[in-house]
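Asker: All chains, full assembly: derive it from the sequences and hints.
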Amino acid sequence: MDQSTRQPEQPYKKKKIRHTWAWVYGILLTAYTVFTMLDVFVIPHDTVKVEQSAMAEVYRTSSEYADTDIHVKKMSGKIRSTESPAVSGTAAGSGTAAGETDSEGTGSGNTAVTEPTITATENGYIYQDENITIQLTQRYVYSTMVYVADIQLSSVASLRSGLANDSFGRNVKEKTSDIAERVGAILAINGDYYGFRDSGYVIRNGILYRSTMSDESSEDLVIYEDGSLEIIREGDVTAEELLERGALQVYSFGPGLVKDGEITVTESSEVGHSMTSNPRTAIGCISPLHYVMVVSDGRTSESAGLSLLQLASILQDLGCTDAYNLDGGGSTTMVFNGEVINNPTTNGKKESERSVSDIVYIGY
Amino acid sequence: MILYTSDTKEMQPSLNLRRGLIIYLCISIFCLVVFLIYDRFSHNVRSPFMTFLFLWPLLLGVFPALWLFLDHALPKPDRLTLNLYNSGVAALTVSSMMRGVFEIAGTSSVFQTGLMIFGAALWFAGILCYIIRYRRDHNHIRSLSRDLVQDSDQL
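Protein sequences appear in the order of chains A and B.
For the first sequence, this note's numbering begins at 152 and goes up steadily by one.
For the second sequence, this note's numbering begins at 28 and goes up steadily by one.
Treat the hints with care, as some may be off.
Now the stretches of chain B that chain A is said to cover, found in silico as 3 or more residues with beta-carbon under 8 Å [to be verified]:
| hint | segment |
| --- | --- |
| 1 | 48 to 60 |
| 2 | 81 to 89 |
| 3 | 123 to 132 |
Pulled a few chain A residues facing chain B out of the computed Cβ check, cut under 7 Å [said to hold, decoys possible]:
| hint | residue |
| --- | --- |
| 4 | W174 |
| 5 | T184 |
| 6 | T187 |
| 7 | V191 |
| 8 | Y291 |
| 9 | Y293 |
| 10 | R348 |
| 11 | R450 |
Source of the hints: derived by calculation from the structure; they are not laboratory data.
This structure is a prediction, so every number in the text was calculated from the model and none was measured.
Quick reminder that beta carbons are idealized off the backbone N, C-alpha and C, glycines included.
Answerer: Put into C-alpha cells, the structure is as follows:
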C-alpha cells in the first residue's frame with residue numbers, strides 16, 4: 152500500500168463532531184435548570200382569581216358579624232393629614248388629624264358612622280374609630296427597632312387577609328404596601344408567603360385554597376370566627392376540618408412562638424436554615440379581638456434583628472396568650488395609614504420592599 | 028509508507044483520564060467559589076447542599092479519576108461509561124446547587140428532586156457499565172490465557 156492509493160479516500164472521510172454527547176447534554180441540562188429556576192421563582196401557576204363576592208358572603212354568614220349593624224366607610228388606605236407628625240423616627244408621617252378620609256373604597260359595602268381619628272403620640276400613633284383601635288408604638292430592644300401594633304376590634308371581620316393581585320397561586324406577588332392600598336388596609340403586615348411553597352394549609356377570609364399538608368409537625372396559625380387564635384399542627388387536623396370548625400384564616404409558616412402564655416421556642420429554634428438575627432413579623436392574641444402585630448428591622452448596622460426566642464419574649468411581655476411567627480427576612484413589612492413604617496431589607500438594601508403573596512390587615 | 032487509521036486522532040485513555048481529573052478539580056474549585064459568593068449574600072442562611080456542593084465533583088470525579096489514573100491494573104472506562112458517569116455527576120452537582128438555592132430561599136421544587144434522581148440513575152448506569160465491561164474484559168483475558176495454556180500444552 153502506498154500513499155497514492157490511499158490519498159483519494161481523504162475527502163470521503165466523515166467529519167466527526169467531537170464531544171457531541173457533552174454538548175447536547177450540557178445544553179439540555181442548562182435548559183432544564185433555567186426552566187426549574189423560572190418555575191420556582193418567576194412563572195405564576197395554579198392561579199385562582201379571588202371572587203370578592205365570595206369573600207363578602209363568608210363574612211355575612213359569620214355569626215357574630217351578621218348580628219351587628221355596623222356600617223363603616225371603606226378606607227382607601229390614605230387618611231389625609233392637616234397636622235405634621237410629632238413623632239420622629241417613623242415613616243408613618245402622613246397622618247394625625249381626624250376626619251379627612253377618602254371614600255373611594257370599594258370593599259364590602261359597609262359605611263362608617265363616625266370619622267376615624269389618627270393621633271400622634273410620643274412614640275407612635277393611635278388610630279380609632281367605633282370598631283377599631285390601633286395603638287402603634289416603636290421601641291428599641293435587643294439592638295433592634297421593633298414596631299408594635301396593639302389592635303382592639305369589635306368584630307373579627309376587621310382582621311382580614313389580602314392576596315397579591317387578588318389571586319391565589321404560586322409566584323403571584325405584589326408588594327405589601329400595594330396590596331394594602333388596594334384593599335384599603337388601615338394597618339397591614341406581610342403574611343406567610345404561601346405562594347413560595349407547594350404545601351401548607353391556606354385558608355383566607357373563610358375560603359380554603361390549599362389543603363396539602365406540609366409536614367405533620369408543621370405549625371399553623373388559625374383565626375376563628377369568634378376572634379380566638381389557635382396554633383395547630385397540620386398532622387393533627389385537616390384543612391377541611393379547620394374550615395368546619397369556623398376557621399377564617401389559616402397561615403402556614405411558623406413556628407408558634409407563644410402558646411397558652413408560655414414561650415414554645417428555644418434559643419436554637421429557627422425557620423428552616425436561617426440564623427438567629429433577622430427581620431421578623433409576628434402576630435399574637437392577648438384575648439379574643441385583642442391582637443398585636445409585631446415587626447422588627449434587621450440585617451442593618453442600626454438593627455441587628457431578632458432571634459425567634461427574642462421575638463417570643465417580646466410577644467409574651469406584651470401579654471400574648473398565643474403568638475405566631477410569619478414570614479420574615481426581606482418580606483418583613485408593616486404598613487400603617489398607607490405608609491411603610493419599618494425598614495424592609497430585601498437584598499440587604501434599605502427601603503427595598505419585597506413582593507409577597509399575601510398580607511394580614513386590619514380594615515373593612 | 029504512511030498508514031492512515033481512524034484511531035490516529037483518538038485520545039489515549041491515560042490522557043483522557045488526566046484531562047477528566049483536571050476538569051473535575053476545576054469544577055470542585057468553581058463550586059467552592061460559588062458557595063463562598065452565595066454565602067456572602069445569603070444573610071447567614073445556609074444549606075448543606077450549597078455548602079458541600081464541591082464534594083460532588085471532588086468525591087465522584089477527582090478521586091475516581093485519580094484512582095483509575097494511578098492504578099494501571101484497572102481497565103480504562105470506554106466512552107459510553109464516561110458519558111453516563113460524567114452526566115450523572117453533572118446532574119447531581121447541578122441539582123444539589125438548585126436544592127441549596129431553594130433551601131436558602133425557603134422553598135422546594137419537584138423538578139429539582141427529579142433531576143437528582145435522574146442524575147443518580149445515570150451515575151449508577153455508568154458504574155454498572157464499567158463493571159459489565161470490566162467483567163467482560165476479565166472473562167476475555169481468562170479465556171485468552173486458557174487458550175494460550177491449551178496451545179502451549181499442545182505444543
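Asker: Decide, hint by hint, whether the structure agrees.
Answerer: Going down the list of hints, with the structure as the test:
no., hint, verdict
1, 48 to 60, "violated (count 0)"
2, 81 to 89, "violated (count 0)"
3, 123 to 132, "holds (count 6)"
4, W174, "12 Å, violated"
5, T184, "6 Å, holds"
6, T187, "4 Å, holds"
7, V191, "5 Å, holds"
8, Y291, "21 Å, violated"
9, Y293, "17 Å, violated"
10, R348, "6 Å, holds"
11, R450, "6 Å, holds"
Taken one by one, the earlier hints fail for this structure at numbers 1, 2, 4, 8 and 9, listed in ascending order.
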